[in-house]
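The sequence shown begins at 1 in our numbering and counts up by one.
These aren't lab readings, by the way, just hints derived from the structure by calculation.
Ideal Cβ positions, reconstructed from N, Cα and C, are used throughout, including at glycine.
Keep in mind that a hint or two might mislead.
Stated by the list, open to error - Across the chosen pairs, the derived CB separations fall in these ranges: (1) Asn8 to Phe94: 21 to 29 Å; (2) Pro125 to Arg186: 43 to 51 Å; (3) Ser193 to Leu57: 21 to 29 Å; (4) Asn189 to Gly130: 16 to 24 Å; (5) Leu118 to Lys59: 21 to 29 Å; (6) Asn31 to Gly86: 35 to 43 Å; (7) Asn190 to Thr2: 42 to 50 Å; (8) Arg186 to Gln12: 36 to 44 Å; (9) Leu188 to His67: 40 to 48 Å; (10) Ser14 to Gly196: 35 to 43 Å; (11) Thr2 to Glu103: 42 to 50 Å.
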Amino acid sequence: MTQPRQTNIHRQTSETDIQLTLNIDGTGKSNINTGIGFFDHMLTALSKHSLFDLELLVKGDLHIDDHHSVEDTGIALGQAFRQVIGDKKGICRFGQATVPLDEALSEVIIDISGRPYLAWDVSFPTQKIGQMDTELFEEFFRGFVMSAHINLHAIKRAGRNSHHIAEATFKATARALRSACEFDARALNNIPSTKGVL
C-alpha cells in the first residue's frame, strides 16, 4: 500500500478526446483544461479537497454544446477511479460530508460498493453558471458514478445562488471521496464487505 494509486486514461470518441492522469494518494494538485471555465473551477475544487492529483485535458465539440465534454469527463474520471481503487482491500469504503458555502449547504454520501447508483437531489435557481448549463452537473456525476461503480447520494440542503450550490456539492463530493478512499488502519488486509468482494 506504499505505492501511489494512480493511472492514466486516454478516452477518444468522435465527440471528445480526453487525456487524464489521476493519483488518489496525492496532495490536491491539478492542471485542468476542459474548455469550460466554470467546469474547470469545479474540478479544481474537487481535486484540492479530495487530495487527488488530477491532470486533465479535454478537447470536445464545444461548437455544438458542452454536453459531450462534461459527460465524457465524468466517464473518463470514473474509469480512472475504478482502476486505481482496485480490489478495495483496506479502504474505509464509506464517506460522508456536508459542506457550506455562504447560504448554500450540500451533503454527499458515498459507498465504494461496486454497485453504481446516483441519487441526485440538487436543484439550481438558474439555467446557467457562466457558459455552463446547470443541468450538466447531473450528467457529469452520473457518468462518473456509473464508470466508477460507486453509490453516490447528493443532496442540496440549502442554497439560493447557483455558483454556491455547485461549488458546495463538488467540495462535499471531494471530502466524501477522500474519506471513503482512505485506508482503515484496523482492517488493512480486509475487503470491507461481508461478501468478501466489492
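Going down the list of hints, with the structure as the test:
1. Asn8 to Phe94: 21 to 29 Å: Once the Cβ atoms are compared, 28 Å apart, the range 21 to 29 Å for phenylalanine 94 and asparagine 8 holds.
2. Pro125 to Arg186: 43 to 51 Å: Roughly 44 Å apart at Cβ, these two residues keep to the hinted range, so it holds.
3. Ser193 to Leu57: 21 to 29 Å: violated, 36 Å
4. Asn189 to Gly130: 16 to 24 Å: At roughly 47 Å between Cβ atoms, glycine 130 and asparagine 189 fall outside 16 to 24 Å, so the hint is violated.
5. Leu118 to Lys59: 21 to 29 Å: Given about 26 Å between the Cβ atoms, the range holds.
6. Asn31 to Gly86: 35 to 43 Å: With Cβ atoms ~25 Å apart, the hint is violated.
7. Asn190 to Thr2: 42 to 50 Å: Violated: the Cβ-Cβ distance is about 18 Å, outside 42 to 50 Å.
8. Arg186 to Gln12: 36 to 44 Å: Between arginine 186 and glutamine 12, where Cβ atoms are some 42 Å apart, the hint holds.
9. Leu188 to His67: 40 to 48 Å: holds, 42 Å
10. Ser14 to Gly196: 35 to 43 Å: holds, 41 Å
11. Thr2 to Glu103: 42 to 50 Å: holds, 43 Å
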